[in-house]
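Visitor: For this one, chain B is given, so just place chains G, H and P on it according to the hints.
There are 4 protein chains.
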Amino acid sequence: MAVKLGPNRYGKAQTRLVHVVKDGPVHHIKDVNVSTSLSGDMEAVHLTGDNAAVLPTDTQKNTVYAFAGKHGIGQIEEFALLLAGHFAGAQPSIHHARVEIEEYAWRREGPHSFAREGGEVRTCVVHRDRDGRASVVSGLKDLVLLNSTGSEFHGYAVDEYTTLPPAADRVLATAVEARWRHTGGTSSYGSSYERVRRCLVEAFTGTYSRSLQQTLYAMGERVLATCEEICEVRLALPNKHHIAVDLSPFGLANDNEVFFAADRPYGLIEGSVLREDAPDAGFAWE
Amino acid sequence: MAVKLGPNRYGKAQTRLVHVVKDGPVHHIKDVNVSTSLSGDMEAVHLTGDNAAVLPTDTQKNTVYAFAGKHGIGQIEEFALLLAGHFAGAQPSIHHARVEIEEYAWRREGPHSFAREGGEVRTCVVHRDRDGRASVVSGLKDLVLLNSTGSEFHGYAVDEYTTLPPAADRVLATAVEARWRHTGGTSSYGSSYERVRRCLVEAFTGTYSRSLQQTLYAMGERVLATCEEICEVRLALPNKHHIAVDLSPFGLANDNEVFFAADRPYGLIEGSVLREDAPDAGFAWE
Amino acid sequence: MAVKLGPNRYGKAQTRLVHVVKDGPVHHIKDVNVSTSLSGDMEAVHLTGDNAAVLPTDTQKNTVYAFAGKHGIGQIEEFALLLAGHFAGAQPSIHHARVEIEEYAWRREGPHSFAREGGEVRTCVVHRDRDGRASVVSGLKDLVLLNSTGSEFHGYAVDEYTTLPPAADRVLATAVEARWRHTGGTSSYGSSYERVRRCLVEAFTGTYSRSLQQTLYAMGERVLATCEEICEVRLALPNKHHIAVDLSPFGLANDNEVFFAADRPYGLIEGSVLREDAPDAGFAWE
Amino acid sequence: MAVKLGPNRYGKAQTRLVHVVKDGPVHHIKDVNVSTSLSGDMEAVHLTGDNAAVLPTDTQKNTVYAFAGKHGIGQIEEFALLLAGHFAGAQPSIHHARVEIEEYAWRREGPHSFAREGGEVRTCVVHRDRDGRASVVSGLKDLVLLNSTGSEFHGYAVDEYTTLPPAADRVLATAVEARWRHTGGTSSYGSSYERVRRCLVEAFTGTYSRSLQQTLYAMGERVLATCEEICEVRLALPNKHHIAVDLSPFGLANDNEVFFAADRPYGLIEGSVLREDAPDAGFAWE
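Residue numbers (this note's numbering), protein chains in the order written: chain B, 1 to 286; chain G, 1 to 286; chain H, 1 to 286; chain P, 1 to 286.
Bound-form chain B, shown alone (with noise of 0.2 Å):
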């Protein structure tokens, strides 16, 4: 039996990591949680156990602390490429690394107090390798919408397996999980995140929806219309049913007013928006 190792990586997952910046008495908190994955010149320590080309998980968890304390975290694609591009370099065996993050919210409530915000999530994926190239995809999750009216279903296939009955108008809510890659660098991955994040609660609220699927896209291409600096869009939109309850049988009229909001099972909506002309994705969505 011939049988080989394939891809492989190897890393520490959510390095938690709070970052505390003082300016005088008034402080600044960042809050991320950190995961990193290496790959490279992995055949032996699979192979055989020999780890000499391991940099172990560890050493990648302390470097994350000692990173934070050397430069501060910055914007959080920042903060990954300069991790990425170390750990890329860091031993002759290591050719690539992924770094992903999630950075949670805090609202200022005082000087050097904070309250979480318990919205969404931002995330970013970034990878380097030793020769130099690199991407970047930034993100978010969590992001829940609701509109209440504004959402139609109705003209779809219909086979023997269906029963649902046309919608003139519906609930249409979502827990947004987007993902964008940049086509170079970009100069600054703040102001370009409050650009895409309030491109896509604009789409959602803004269109009126025939089907999930046209949301999407709205969302997709609203943010490549207004966002130069980035040439791809995936969504991933869950359907978060909200049932009208029938109420006829106590006398009551229900005008979409009263629901049952569904945990399972519910539609899930996937799809990417991209320029014509975007350049090759390589390794950015891994």
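Take the hints with a grain of salt, since some may be wrong.
Stated by the list, open to error - Chain G is nowhere near these chain B residues, computed Cβ spacing over 10 Å in every case: (1) 48; (2) 69; (3) 89; (4) 92; (5) 109; (6) 119; (7) 155; (8) 177; (9) 179; (10) 228; (11) 261; (12) 278; (13) 285.
Claimed, not checked - Some chain H residues judged to face chain P by a derived CB distance under 7 Å, without partners named: (14) 20; (15) 65; (16) 110; (17) 114; (18) 242; (19) 261.
As the list claims (entries may be wrong) - Cβ-Cβ distance ranges computed for the label pairs, FRET-style: (20) B:1 - H:187: 55 to 61 Å; (21) B:52 - P:255: 24 to 30 Å; (22) P:255 - G:225: 54 to 60 Å; (23) H:159 - P:236: 50 to 56 Å.
If you're looking for bench data, these hints aren't it; they were derived computationally from the structure.
Beta carbons are placed, not taken as given, at the ideal position from N, Cα and C, and that holds for glycine.
Guide: This is chains G, H and P only, laid out in the frame that chain B set:
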């Protein structure tokens, strides 16, 4: 062997209800999770399976939806009182009702568009019995607060298992779970909630803390000093440990700037603050 | 305004501890989650931040690990009693200790190899005060049981909100959460646990059920009839609804064969079964 | 601006289905979670909201239940192939179907009584397109394994951020997530699953490990050496760190007996092992 039935209750847990109120093109939304529990003459059903005394949990769920359609929701305490009053007299066999509601906040993004706030969840537990007695406990949970300085911890008892060094400056962070008991009927549960919430946040952020217990007491005291309608506050404050990372192996100082945010274990401080003349709690906390 | 401190306690929650006992090449493993809470003369720390009476939660954690090293764990009730006895006398200011333990089961796969069982979690809550009073409550949770027939539900009270049709045959499923109080010291907590667990399963599976309340009582009664060392059983049984899917639109019958397993809402039946002569519970259930 | 629709799919996620097969008084149970995704001519729905090509996710859910009623479930791979085959030809606009199933195991407790096993979850992902191409990936997740000795870690690369001491003896624990690709049609998916599962457990427990990578490769290699029907194995192995607690401050030794089981961060080792002559994977892993 002589065995008997002890305290018991039954009901429908976690009825998810979204209610949309339409003011022309402008919609308003209430998103709640309702749990009802009834008790009364339940010997027969337990001992023989005779269901004559049982108002099914399915009917309880229907009633929640029907009441939302008929009366709207308003403040969750009011909706809970309405439901509990109905159930406590719904059948001769039902003597007592407990209604618990969680409310999830949404932020307006358009006339009929909303984004879910992810921060604290507003809660209430209401009891009513068929003799007219009632209690209202309001609350919140998952309010995550952090002071990046202004907290010490030293002067504690020491024994043979002590290794903790005293701290002259530390991060203090918690996820507030607070419940507060209303003395009687409160005229405006909405403004009362906002007042209590503000007291909790301000006492946490404004207290120079020598222990989380001191902060807990300050939070409860502030509520009672400010809110005449409240007679008791119960708090559960996890001490979400932020551990300063030792960066000295890397030649770096760490002046309380780089922290590991730990998951488990965590400190847990629980306590009640109440008025000297608080009326007996009865079943309020059950 | 006269305000006072009410009931309070503090401690370290969820200290995760794995203990390996080595019998030559054959190892044994105990995997537990320990939460300790202390109470006593805690006025000063709450009112002024004076920590002299406080045995830090960090020290409590250290003690858990040190006691595991010194004494091993054995049955969780015994380890909890040992810890609680230590803490209740650890400082003049500490009057009372509560120790809660969860235990996760592992299945042997080799002399020093194990696979985690994912079923029910064994639990206990132990109290001890410095006057020597003690209580032991054992328990389990997440024991998911299902009868695919042998369950009816009809003859219930009907009102204007009733739509549920009577069921002559239904699936009955629950996730058992059970806690039981020992009358005094029990000689073998391990065999007692196995006995109680078997009673719970056999009473659930062996009872022809007209309501989940009836099943609950049968489960408690079976434990008390079989286990002399137990004086009270408390059960919380969610009714995990399995809803037969209407397949008639597709020309198919569904003789209770195809079910939608719903998440929320769910019924929740809670009750206690106890001996007529059960001693006063004191602080056992706190 | 020229923008286009990229890869997309849509479907119903997490249709929870319990199927009871009745063999006289003896019942059998299958408990699954089915997610379906379709793709094809979906330009119009994205660009204009024209739903003519869309087979609604509600219909997909109905089909899952109807097929369970009509055909039973059998092995999850077979049920997924049946569903995918139906969907891939259900409408002219649908070209491709992906079906993912999770199966939860139950243990018999009586003729019609069951207790849910809480261990690993069996999984599969099946693809079929309308041209007849198909792929089957089977798998499992949440299989938690632990060796209390027989694991070292040393000889690794060292840099300025290294603080980890070499380990001559450590606990090695992981939660196995494994997926394996079938070369073609497999005659018995049930016995194949059991064979693969046994290989994974035996290779983990039987490998004297110098790194988790070595163990990962051994697990994949064992599967391929034993199971002719499999051509590729992909593994994701979190390194669930068990950190020996320093008991020396308490005058106690800790010979790898007392461990803190950490939550985060954790190592994460991901890799693929495949036959030299494995056929092209096509869409199998999507």
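Visitor: State the violated hints by number, sorted upward, taking the hints as numbered earlier in the document.
Guide: The structure breaks hints 2, 5, 6 and 11; every other hint is satisfied.
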